[in-house]
Amino acid sequence: MTASNITVSVRFFARLREALDTDQLSMELPTGSNAGQVLETLARRGGEWSQLTGGTPLMIAVNQAMARPSTPLNNNDEVAVFPPVTGG
Amino acid sequence: MTASNITVSVRFFARLREALDTDQLSMELPTGSNAGQVLETLARRGGEWSQLTGGTPLMIAVNQAMARPSTPLNNNDEVAVFPPVTGG
Amino acid sequence: MVSIQPEDFDAAAEYQALRDSGAGTGAIVTFTGLVRDSGDKPDVRGLYLEHFPGMTEAVIEDVIQQATARWDIREARVIHRIGHLELSDQIVFVGVASAHRGDSFRACQFIMDALKTSAPFWKKELMSEGEHWVEQKASDRQQADQWLDQDSDRES
Amino acid sequence: MVSIQPEDFDAAAEYQALRDSGAGTGAIVTFTGLVRDSGDKPDVRGLYLEHFPGMTEAVIEDVIQQATARWDIREARVIHRIGHLELSDQIVFVGVASAHRGDSFRACQFIMDALKTSAPFWKKELMSEGEHWVEQKASDRQQADQWLDQDSDRES
Chain A
1 MTASNITVSV RFFARLREAL DTDQLSMELP TGSNAGQVLE TLARRGGEWS
51 QLTGGTPLMI AVNQAMARPS TPLNNNDEVA VFPPVTGG
Chain B
1 MTASNITVSV RFFARLREAL DTDQLSMELP TGSNAGQVLE TLARRGGEWS
51 QLTGGTPLMI AVNQAMARPS TPLNNNDEVA VFPPVTGG
Chain C
1 MVSIQPEDFD AAAEYQALRD SGAGTGAIVT FTGLVRDSGD KPDVRGLYLE
51 HFPGMTEAVI EDVIQQATAR WDIREARVIH RIGHLELSDQ IVFVGVASAH
101 RGDSFRACQF IMDALKTSAP FWKKELMSEG EHWVEQKASD RQQADQWLDQ
151 DSDRES
Chain D
1 MVSIQPEDFD AAAEYQALRD SGAGTGAIVT FTGLVRDSGD KPDVRGLYLE
51 HFPGMTEAVI EDVIQQATAR WDIREARVIH RIGHLELSDQ IVFVGVASAH
101 RGDSFRACQF IMDALKTSAP FWKKELMSEG EHWVEQKASD RQQADQWLDQ
151 DSDRES
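Sequences listed follow chains A, B, C and D, in order. Note that the first sequence covers residues 1 to 88 in this note's numbering. Note that the second sequence covers residues 1 to 88 in this note's numbering. Note that the third sequence covers residues 1 to 156 in this note's numbering. Note that the fourth sequence covers residues 1 to 156 in this note's numbering.
Okay, chain A solo, but in the shape it has when bound:
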């Protein structure tokens, strides 16, 4: 990590975890990035990753609290991305 970057972990659940074949990854982002920029950065990988900004409804949590794309990120934050919940 450079002085102007932060590192965040990103977790995926349910349908998204299966489609991306990924439980968790780590990524560097410029300091001052928000949760939405995590999704935009990953969506540029193309393929299944494009659905992260493709209009499918998704929920975001930062450090296990519900968040929005505009939620700012700090170093070592945990960002979770998942489909709308269906428990109960």
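It is worth saying that the hints were derived from the structure and are not from the lab.
Facing chain D, from chain A, some residues (calculated, C-beta under 10 Å):
#, residue
1, R11
2, E18
3, N63
4, Q64
5, A65
6, A80
7, F82
8, P83
9, P84
10, V85
11, T86
12, G87
If you want the ones that stay clear, here's a sample from chain C, every Cβ over 10 Å from chain D, calculated:
#, residue
13, M1
14, V2
15, G54
16, H132
Just a sample of chain C residues kept apart from chain B, beta carbon distances all over 12 Å, derived:
#, residue
17, P6
18, E7
19, D8
20, A12
21, A17
22, D20
23, G24
24, D37
25, R45
26, A69
27, L126
28, S128
29, Q146
30, W147
A virtual CB, placed ideally from N, CA and C, is assigned to each residue, including glycine.
Using the hints provided, position chains B, C and D relative to the given structure of chain A.
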């Protein structure tokens, strides 16, 4: 019972049964009487009986179905008079 | 199923009966009323419940029929105790099984609200000194009346 | 009390715990969700439930706190199962004890509605051939949103 009269039984419950010291009584009324006239007739006995028309909220059932003072009575009907219910 | 009884009831057995109402059941809501030891009169030692045999059962059966016509319910069970009750005793059980939770919640609350204002039960509070008949609460009447204004909107 | 567990739960023991919440308890409302065998997909053989450990518990605790702030409740208990479930299995339990029935009914339904749209659980339906993730229903979102518009009116 004369040809122009009907006989009805009248039952009392709860606070009313205790105040009137009466579970049940039988009375004759002119054919064509309604449930309200049972209460009016009994109220004329005075004393505790006056509360039957004294404005205290009371409920009336005829043959075990909720009724109104205007509900018409037939021979051998059962009229029940009781305070607003408080179960549950 | 409607039962008016002096004996205590087994809420667990009632819940099991609702579970056994068939494989299409997805939601069970139960209400149980207990004798509280505090509230309006801290001095209450117990209750005595009088009822109008025959009419009570008929009124509750009718309330269940109304609920069945209004919501998609698979089974409803109502038990109401009579006679002497002690503090913390169970008084009343209303349980509803349905496919979807909204129907169970609404039907259970409707049955309980209607029972409170229509079923001929009367409660006497037994105090350390004396006893007195409980008066009907205006709030119970309002609670029951609200169902007259509502649509039977359902969600899945 | 919040528990996320693969094991089945004993609804009777939960009810008893709510009864033991104190002599001021006058009303207990319980909701239990079961795996239905019919409905949208008659072919469903079972469910698999995934969740987000840690966040799930925190969200449900927060929902219970919201209910406690809004209504006069004495205790709330929530159990949600995860992993593989068979038809007719119990999925979720929400139980609320309070002095008055209105608070119990509203708090129980509020907790269940909020859980449906906020707690990170995901349900996969297992069919005789294949499996698929369940999509969230618009009706569940509407059901949860309705609580935003309501006053916390109480009756006794």
